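Here's the letter readout for the chains.
Number of protein chains: 2
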Amino acid sequence: MNKIETVCRNVCEATEFVAIVTMGEGGPYMVGNWGEYMRTLGVRETTLVFPAGRYRQTEENLRRNDRIQLLVASKKVQGSRGGAGQGCLISGRGEIVTSGELVDEVKAKFAWARGALVVHVEEVQTQL
Amino acid sequence: MNKIETVCRNVCEATEFVAIVTMGEGGPYMVGNWGEYMRTLGVRETTLVFPAGRYRQTEENLRRNDRIQLLVASKKVQGSRGGAGQGCLISGRGEIVTSGELVDEVKAKFAWARGALVVHVEEVQTQL
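Going line by line, the protein sequences match chains A and B.
Counting in our numbering, the first sequence runs from 103 upward without gaps.
Counting in our numbering, the second sequence runs from 103 upward without gaps.
Just chain A, same shape as in the assembly:
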């Protein structure tokens, strides 16, 4: 399943932040972004877009290895095993883009952004 739908979409609509992991030379490299920023740019079907302020190390990592993982979670979404709270692990390929239509769109909404982190979703798994 590579589409952001049903449960995972609900979690993306509710998560306060997004944890983003790429592979660095020295090991995993984790950064964050705000759920609100992702939602401002729209939770698309198979793509997620984030404003990129710095993300220099993430960019360098993605150039060597474009595998990327995102974790989103919210207590506001009903859990798949009952109880409040659902997480979602989103895996795919990522890139930092610094020009083009998408970047113009990002910069129009986030003046401080130097570009966009674009995630091409390949797999979605529920967690928590």
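It should be emphasised that the hints constitute simulated quantities derived from the structure, not laboratory data.
Bear in mind the structure is a predicted one, so any value in this text is a computation, not a measurement.
Treat identical chains as interchangeable: a pair holds within one or across any two.
Calculated lysine to any residue pairs in the SDA-like style (CA-CA distance at most 25 angstroms, straight line): (1) K178 / G144; (2) K209 / E147; (3) K178 / E115; (4) K178 / V145; (5) K105 / S182; (6) K105 / G129; (7) K178 / Y139.
Since the structure of chain A is provided, determine the placement of chain B on it from the hints.
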């Protein structure tokens, strides 16, 4: 700085979830836990404790390489560069323990837990 203090403590007290990354054989491996669960067990000075339900892959990863990273974030905490929202990346060494006093404490609060994920904090950095 290896102590959970000031800004990072505030973020730990507010974060809705915690993203947890270890190094697997095939790349970074990310799981989640709830901030509320971490807080129930107490945000200590240099140690964080989480109830471990499954975490089999995390356990295997930590046996090979005990480096672990956590990301916490909340819009409720004032950001270090102004504006609402602060993140915090916590790095250290982790282990899954399945017996002993600490595990008894975890199981008393989380009957479903098979043990505890214990994180020995070595570095704390603000993010976001």
